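One line per chain: the protein sequences are P and L, in this order. The first sequence begins at 1 in the working numbering and counts up one residue at a time. The second sequence begins at 1 in the working numbering and counts up one residue at a time.
No lab work stands behind these hints, which were simulated from the structure alone.
Derived Cβ-Cβ restraints for the label pairs, each shown as a range:
(1) P:ALA293 to L:ALA544: 35 to 41 Å
(2) L:ALA182 to P:ALA68: 18 to 24 Å
(3) L:GLU614 to P:ALA409: 53 to 59 Å
(4) P:ARG418 to L:ALA544: 33 to 39 Å
(5) L:SER617 to P:GLU381: 58 to 64 Å
(6) P:THR45 to L:ALA178: 27 to 33 Å
(7) P:GLU381 to L:LEU646: 55 to 61 Å
(8) L:LEU543 to P:THR45: 36 to 42 Å
(9) P:GLU122 to L:ALA499: 52 to 58 Å
(10) L:ARG115 to P:ALA159: 46 to 52 Å
(11) P:THR45 to L:GLN391: 40 to 46 Å
(12) L:LEU646 to P:GLY158: 47 to 53 Å
(13) P:PRO354 to L:ARG115: 34 to 40 Å
(14) L:GLY323 to P:THR45: 18 to 24 Å
Covered stretches of chain L (chain P as the covering partner; in silico rule of three or more C-beta atoms under 8 Å from a C-beta of chain P):
(15) 119 to 131
(16) 139 to 148
(17) 163 to 172
Please read all numbers here as calculations on a predicted model, not as lab measurements. Here a beta-carbon is modelled for each residue, glycine too, at the ideal position from N, C-alpha and C.
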Amino acid sequence: MWRLAYWTFSRVTGLSFRVQRRLSAAGLLALGTLIAAATLGIDTTQTLAYQVFALLAAVLAASLLATALLRQRFEATREIPRVITAGQPFEYRVVLANTGARELDGLALIEDAADPRPTYAEFRAGAGLPIYRNWWRLLMRSQVAHLEEARVPALAAGARVEIRMRGFAYRRGTLSLEAISVARLDPLGLSRAFTRIAQPAKVTVLPKRYAVPPLALPGSRMYQPGGVSLASSAGESEEFTSLRDYRAGDPLQRIHWKSFARTGTPVVREYQDEFFERHALILDTFAAPRDAAAFEEAVSIAASFAATLDTRDCLLDLLFVGAASYCFTAGRGQLQGAQLLEILAGVRACSDRPFRTLAQAVLAKRSMLSGGILILLGWDEPRRAFADALRRQGVPLLALVVTDTELGAAPAWLRRLRPARIQEDLARI
Amino acid sequence: MSPPPLLLSAAVLFWGWQSGQWVVAIAAAALLETPRHFRGTRFALEAKDFNRIADFCVVLIAVLGVYLYFTFGNPRAVTLLFQWLPLALLPLALAQAWSTAPALDLSVLFWSLRRAPPRRPLKFDPGYPYLATWVLAASAANLRGEAFFVAVLALLAWTLARIRPQSFHLAMWAVLLAACGALAYAGHTGLNRLQLWLESAAPEWLAGGGNRTDPYRSTTDIGSIGELKLSDRIVLRVRPLAGAAKPSLLLHRASYDDYAAGTWIARNGKFAQLAPDVSGSDWTLEAATPSAHVAIDDYSAGGDPVLSLPSGTARIEALPAIGLKRNPLGAVQAEVSPGYLSYRAAISEEARDAAEPGGSDLRIPGSEREAIERVARELRLAGQAPQRARQAVQDYFVSGFSYALYRAPVPGGRTPLAEFLLASHAGHCEYFATATVLLLRAAGVPARYATGYSVQEYSNLEGSYLVRERHAHAWARAWLEGRWQDIDTTPPAWAFVEAERASFWAPLADLAAWARFRTARWFASKSGEQMLRLSLGPAALILAFIVWRNFRAKRRRPAGASAATPELGGRHGMDSEFFAVQERLAALGRPRQSAQPLSAWLAGLSGDAALEPETLSALGRLHIRHRFDPQGLDARERDALRSGALDWLGRHSA
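In isolation and in its complexed conformation, chain P is listed as follows:
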């Protein structure tokens, strides 16, 4: 049953896509009228709609035949940004050249994105019931962006033109583009012939972001083992507070060889012990399939904080569990906020590990943390125990739960964010 439903839905979607791509707007209207005429004119003695049917069938057939005979040559190059943001429109350039020997018009530029149809495994896991509505929901969810078709002005032989392509990113992830297709209308203007120019590209779609209110993160400076070397660069650093004579037990790597050579006695570099504010941005990725929308909102909220918090004077650890427990640090000499967004663009829900994996990873770092922003997807016992444990160990916490469910007897410090009204609820923090 599932296999049959998948096979049917997949083919129907594919056919619909091919028809919409192959026919122009006029062609689609002709096809719709043809179907209506066939229905109305089924009895040729009762109406004359069969004559409309015959006429439209003839022009559509001629139009499709003509496109099979059309030949044209183009070259195209695409200049597209490396990253775009979900929930926002974007633009980029394509330079198109007519390398044929004739002037051409009735042209349009179309991006060929990767096939958005869910795999059978995704359909089985995410559909609930094998009905078309659920298939359609999954299909829409897997579509990363909408790419508009761009009209191309008449192009003389050998001429080049710059086309501005527009699109709208629906969700975070990776937008995979495979080729640029140039569509050319047939003489009747009903269907189109295509020239496909392979131009593979991948664009990272950053998570949608909300306006986060000015936030005074709680917590105090904490000792950061590694000192400046952590804060300014990877490995040894030339930044130090002073030089002093060698004492037994000092590591050889800290010997300042220039001074040793000048004075003849071993001199070592002395580093200042660094105390930074270090905050954790903890993202709960343990989402059931039905919580997919809430999970996306949670990622958007994490991205909003990652993009907004000033990491020039503090460190921000992004902690979540995916295939493993991950910790990415942003701050001076570390990752930039924008890089955290790229990481968040690829975060997936974790279904094969328990929540305690995240709790253990965070609690192992508790001694370094000044405070934390905890973004949860529910308020069950493991999550409650985790938040309580952090608070008991003196980690100041901004705890947010993204859920539609009323929390009932939740503590006052816990904030609920409703998926449909995130911005409104964030503004109340």
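Please build the complex by placing chain L on the supplied structure of chain P, with the hints as guidance.
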């Protein structure tokens, strides 16, 4: 893309020509075309206004559909609905034509999109789809002739010329279109002929249902292999009136005099027009004194039906037909529109039912002669008196013959009728009727093959006899004692066999059919003016419901919910009415330059007092806040922006 000027009007006038509704078409064309040529008043309609108008159109279509279904029944109702569909959609088309909106949101047509808006707005220009609706509606008028095809081809050429890529030569385009036209002409002619051929080749029950009678030809199922099946659909309602205890068992529709290879043909079947009586609705068939009356409620899907009449019908009363025709074989055809029709049959024992017999009423086809003569010899029919011959034939079929709907393949070298007479002795009514006619002819009695219905089921619910499609029957008519008499040799068990085949949901279907029949009769009893008066009440109720629903929706909407959630880079504020003001100013010769700040542009207008610069400035501030202030406008300010902009637009036409 919108249709070019005059194209849509041409399609509307084409509809008017095909349907004969010239006045309506000219008015609709004028209303649709005027705004394309005069830059006068336009209405700044919002999405919700279009939604209301679309809802009104849907209600209009539903009411029209119900009326047509009950008045004409399917499939005629579907055809008529298509024919009037563009007029039901006219309010929406006019609203768009007279508004400032260049395109409509798809949610106007689909409620599902209103409940769950798509991720990006789906706009469409209704011009060309509306044009296609007019053309399809014109086709539903079914005005036969070559002109329809030529006109549709011309409209198509006009449309395609607008979208033709200029890089292809005009001559090439014209040749291609002409080739398509020729191909389509051949195609539609072939389609029509194919259907007619299929209908003539296929069994009658398959080709068009039991109540469609061709008075010139009756293709029987003699020789068909397999099982016959007819539906339970009620086709007639028969009520005995004064003088008639029960209507005649058989309702005659048509008779045929020539048999060849499974088909009965009316060789002598030319119709002659009858003149009505003074009343205009009574028609005398024969000068005879009626002794009883039967009321018949009939239904005609395609119009001009062959009437179902009891034997001995001398007059047809209360039939509001344009004309009435009768052929020498006794078939009576009325010229009436499709739909329900009622009439009374006045019966007289003196009526002969059809013209006197001719030579063809004694002809036996060569292919059946051997079997018929063999049976005639067995029955010793030769030289017998007509009444005795009739009795002998009837007796012959009573013993040893049975009713069967299933037919096995016939062995080679023998016709199906010969197989029935000489071997199987089992068949359905067409076998019995054909064999009876030919045996009577062998006995020298003029006889014909008659088709119609058998009356056998009384309904307490309706208080009348119900005639179903499966009651379709065939029998013989013989010229005895100076009049045509019905001779039905099919074993009486056939009625039980057919009744056993009734579906288990038949009572429910009958109840629905009864409700529909009563409604249709009620519709038919009202004049156009009465219908208009009666429809005003429901229309007012529907209007009140729409107003109430909108009012309730407004009240339910929580305060502040109208302000969309501001998101970074969102498209908030795109619904601002100030954009229309901006377009109007551009039309008035004061366009905003690209990249010119709004405030600077408005400041530049301050010297022109006619444009009300203070109002514009205030509206501009609200517009900017509406678009870019994360807090948005509150409800009062939003109303001020909307009403202020619309007022300004009303005062400053382009």
